[in-house]
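S.K.: As they're listed, the protein sequences go chains A and B.
Heads up: the first sequence at position 186 corresponds to 186 in the numbering used here, and the numbers run straight through without jumps.
The number in the numbering used here is simply the position in the second sequence, starting from 1, with 1000 added.
Calculated from the structure, these hints are not laboratory results.
Backbone N, C-alpha and C fix where the C-beta goes; we use that ideal spot for every residue, glycine too.
It cannot be assumed that every hint is accurate.
[What the hints assert, rightly or not] Using C-beta positions, here's what the derived DEER-type ranges look like:
1. Tyr1110(B) / Val8(A): 21 to 31 Å
2. Gly1130(B) / Arg166(A): 46 to 56 Å
3. Val1143(B) / Leu137(A): 58 to 68 Å
4. Ala227(A) / Tyr1110(B): 55 to 65 Å
5. Asp1173(B) / Ser266(A): 22 to 32 Å
6. Tyr1110(B) / Asn192(A): 56 to 66 Å
7. Tyr138(A) / Tyr1110(B): 42 to 52 Å
8. Leu1147(B) / Ile130(A): 55 to 65 Å
9. Ser164(A) / Gly1131(B): 27 to 37 Å
10. Tyr1110(B) / Gly167(A): 49 to 59 Å
11. Leu105(A) / Leu1177(B): 51 to 61 Å
[Said to hold, decoys possible] Cβ-to-Cβ under 7 Å is the rule here; a few derived chain B residues that face chain A:
12. Ser1095
13. Val1101
14. Asn1105
[Stated by the list, open to error] Covered, in the sense of this in silico footprint (three residues per stretch, anywhere, with C-beta under 8 Å from a C-beta of chain A), are these stretches of chain B:
15. 1232-1239
16. 1263-1275
Spelled out, the chains give:
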Amino acid sequence: MSGYLTGVLVVLAFNVMAAYAVYLPLAAGQLNLGIAGFMAIGAYASAFLTNEYQWSMWAAIPVGSALAGLTGLLIGIPVLRTHGIYLAMATFALGQVISAVFLNLEVVGGAAGYPVTDYVGPYGVFAAAIGVVLLMLYLSRTRFALYLTAVKSDATVADLMGISVRGIQVAAFALGAAVAGFGGAFYAHHYNFVEAQHFNVLLSVFTVLYVLFGGTQTVWGPLVGAAFFTLAPELLRASDQWRYALFAIFIIVFMAMRPQGLVTTSLLRFTRRRTATESEEAA
Amino acid sequence: MLAQQIVNGLMLGAIYMLMAVAFTLAIGVLNFLNFSLPGLFMLGGMVAYGFIKLGWPTVFAFSAALAAAALVSLLVERFAYRPMQGGDPEVPLVSSLGFLVLLENLMLIYFGSDQQAFPALVPDLNFRFGGLVIGIAQLGSLVLSVLLVLWLSWFLNSTATGRCIRTVAENRDTAVLMGVDTGRLVPMLFIASALLAAVAGLLFAVNYQQVSPFMGEGVGFKGVAAMIVGGMGSIWGAVLGGLLIGLAEVLSISFIGADVVNITVYGLLLLILIVRPQGLIGRPATREKL
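Looking at chain B on its own, in the form it has when it is part of the complex (with noise of 0.2 Å):
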């Protein structure tokens, strides 16, 4: 029983994990809290139940819902981001939780306010291994989250953009003295976070087969929560954080009740703010963020 809702918190932590990851390269890197990645996981939900619907074939329909959140993020990086630079740090959280409200309201409109059952599509297949249960589906999730965390942790730490990028992340006017192309390197930023929450909103509607406009609220938010206690700016943070908060959830619900989730979630996140601010594996700020 205990090891069986590990095993579910780990795979709902997976999904934590990529949102927890995009929040990161986001605030590590920009210095931005993007409130819009809610929006942009709700859309990769969303926009592929749409296409399927249509009648698309799901390869079409995926890669349309990674094409509309990229495309949208480019959207918040010109109009939320962009003008803000230089004013209060807190103005582009207004704007970007503006496109959060516009993006959950269009798909209102569309789709009406319904949960819509998203269909399966992978057979409901089990893996058993001793007492414990594994669908094929969440095992496929948490890999393919486990396979992009460790290809961004490559890319950032061996390729020349990923050199750029920290480069920003550790001082942005040293870096544009440096030579580092910033106009084109901060929206493949907005890109990468719009995609991996993109890609959490798809592994979501896989799972547990269900889509709404509001669904992006919640896991987003934990997704905030995740990057706080694993480390604000440290992808590997982000990924402990991640698999904490889903742990977290899932022995909760089923040890106490469904209500007491928040308090131990954000019960946790309160304890390490207050404790340790720098999170788990975080570095102690070295300059004031937001």
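Same shape as in the complex, but just chain A (with noise of 0.2 Å):
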């Protein structure tokens, strides 16, 4: 594989993170607009338990994507009092506080960014992105999955059947800033940097660009959204300085034709159809 091709797959992987950690509190009707700030927990816990204590970074790495899950559920539980845009609002600053904290506290570096000795090569990151696709897969298949649709579609109707509302929403929400911390504790040691001015608001607000633009509706649109993101400016770099533009009038007119998105529940449906019946006329 070429330096450049694996470059861009490396890229990907972190895009596919962050935009699962996007789609599950989304997936529950909450819009995360903040999980640039959970990333940057990941990251510079990880980062500082491996520099400052020596530990191993296998040890580090989940101990970052917990800390980051764990600042979720505390922060979720006063955050998710608030509904629709406001919480969108209130995640928002919560991110934009966190990389602020990050970037005056001097024990990791402030605004000078914080250099992270372990490394972890590619295909690490590679394998911990697959990981997560398959924990989403296997987390669709269960029931939590339909809880989580059924508290987006009609939460009063939700919390009649029994659900637990608030339960669901904290976790779908506290799950993902785990899945946030995850990608950044790699992040930190893939590209032994970490600096908090990473972790800014376009990031997030782009993540939810993924995802919306994949669709929410399956599983597989966060995947879908992030490779399109990722890897089409790429095949436009020929047009270099024009390409975020053209990308940009793409967004607009793909948004505008099918505003729920690339892959949808009836697409999956469809293509399940004609494939059940290509193998019957094999048969």
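Starting from two chains that each stand alone, build the complex the way the hints lay out.
M.R.: This is the structure we're talking about:
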């Protein structure tokens, strides 16, 4: 694999992990605009534990992820009292505050950034991303995914059916935060450097963009969205300075024509039915 | 020293105030978090800069900037807002963000990514009251912002069109049944919020004498924060929020340091959202937004 291709695929792996971190709460109807903050927690925690306490990377990464999840849990409980746009703005503010706190923490280098000693190669990052995707595919087949959809579609009815709406919402939020922290920790160890400025609003907002572009109806949406957003600008590299402008036009036109996102339930059902009839014909 | 910083904070707050009012029009009436507004703010400053550089008289350059913002806002309405009616409420957010990226990159292609020096249009005169120094440009923008907001408030409260807008904000379906022409009203609202954002951009350029393709992001996001702190959908809430955020920013820069700005500004936002989600002077949401 060429260095260029590996580089692109590593970015893709990070984007996929971030996309699923946004997808989980969104599947329960919560827009999390602060995902970068949770990635920063995972990245800094894991980097700090390996650098200062000589922890093994393989112990520090899960701990970083768990810390991000715990923060999501603790902050999720008060923040999830708000709904809709208020929740989106609360998570937005939260993301800003978290990265600003790291920007001012001198123990982790403050604004100068924080070098990380332990290195994880590209294959480790790929394995992590594949692990996240497999976990999400597994979750999508459990009742948990059903609860998420129920809460998103109609919280009142879900409540009447005996689902703990608050519990499901907090769980989805915290689990998303943990996934973000997991991706962030790998980011720190792959690039061997973290700086708070990387984990800004635009990172959060663009990740939401991947997920909505891919579609939130199915578990495949975030994967397709992240892949498209990572690879399409690379393909447009020929028209260098115009590529982001062309890309933005494409997003606008695409969302106007297909607001539900690229991958939808009916699309999956259609392809599944066709492969079923094809296999019948073969038989 | 403190009084001077408070004055500076209010001046910066005036710009946040206009952005917050622009956002609040889009959210309060149309239920649309319009992420293209930071782009229109930037367009206001950059287009005026471009035409002044071509040698146009200032008045024409400013009018061209306002017209450009209004035109782009109509495109946003057509391509980001209108097709999304009845769909998932997060989706228009994505396409309006697409417009922000598009505008930034078009400006980047044309002007490059550097900060450009905006010519000093207002003579560098200062008023002195006691120990306070107030620049004439700053004072002018504060007065202009307040006048604009006062006019808008009067317009919404006292004219027939204002009443139609408030009806749509209350309940869109009922408004349509009552004969409000939303097909005409909605583009008008888009133009109004675009003009507010572009005026804020112009004032920013005149005051701070610099423009860049990415100048809208920081100011725009703080405008959103100001809107929520004050109370979403309320014009006077946006005014209060804008001034508070401006004060918080300037005071924390001068007394603690530039790096803590995001902690104080967004910490304030987070605190308000947890303690009093409807904002300082907003009414509790009677229906689900977004």
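S.K.: Now look at each hint and say whether the structure bears it out.
M.R.: Hint check results:
1. Taking the beta carbon of each, tyrosine 1110(B) and valine 8(A) are about 29 Å apart, inside 21 to 31 Å as hinted.
2. The hinted range of 46 to 56 Å is satisfied by glycine 1130(B) and arginine 166(A), whose Cβ atoms lie roughly 55 Å apart.
3. Between valine 1143(B) and leucine 137(A) the beta carbon distance is about 60 Å. The supplied range of 58 to 68 Å therefore holds.
4. About 31 Å separates the C-beta atoms of alanine 227(A) and tyrosine 1110(B), a value inconsistent with the hinted range of 55 to 65 Å.
5. At about 27 Å, the beta-carbon gap between aspartate 1173(B) and serine 266(A) stays in the expected band of 22 to 32 Å.
6. Range check, tyrosine 1110(B) to asparagine 192(A): Cβ separation about 37 Å, and the 56 to 66 Å hint is violated.
7. For the pair tyrosine 138(A) and tyrosine 1110(B), the beta carbons lie near 49 Å from each other, so the given range of 42 to 52 Å is met.
8. Our hint of 55 to 65 Å for leucine 1147(B) and isoleucine 130(A) holds, since their Cβ atoms are close to 59 Å apart.
9. One distance hint, 27 to 37 Å for the beta-carbon pair serine 164(A) and glycine 1131(B), is violated here, with the actual separation near 60 Å.
10. A hinted range of 49 to 59 Å holds for the C-beta pair tyrosine 1110(B) and glycine 167(A), which are about 52 Å apart.
11. A beta carbon spacing of about 56 Å between leucine 105(A) and leucine 1177(B) agrees with the range 51 to 61 Å that was offered as a hint.
12. Interface hint status for serine 1095(B): upheld, as the beta-carbon distance to the closest one in chain A is roughly 4 Å, under 7 Å.
13. Because the smallest distance between the Cβ of valine 1101(B) and any Cβ of chain A comes to about 4 Å, under 7 Å, the interface hint for this residue holds.
14. The criterion of a C-beta within 7 Å of any C-beta in chain A is met by asparagine 1105(B), whose closest approach is roughly 4 Å, and the hint holds.
15. With a cut-off of 8 Å between beta carbons, the stretch 1232-1239 of chain B has 1 residues touching chain A; three or more are needed, and the interface restraint is violated.
16. Under a criterion of three residues with beta carbons nearer than 8 Å to beta carbons of chain A, the stated coverage of the stretch 1263-1275 of chain B is upheld, 8 such residues being counted.
The earlier numbered hints that this structure contradicts are 4, 6, 9 and 15.
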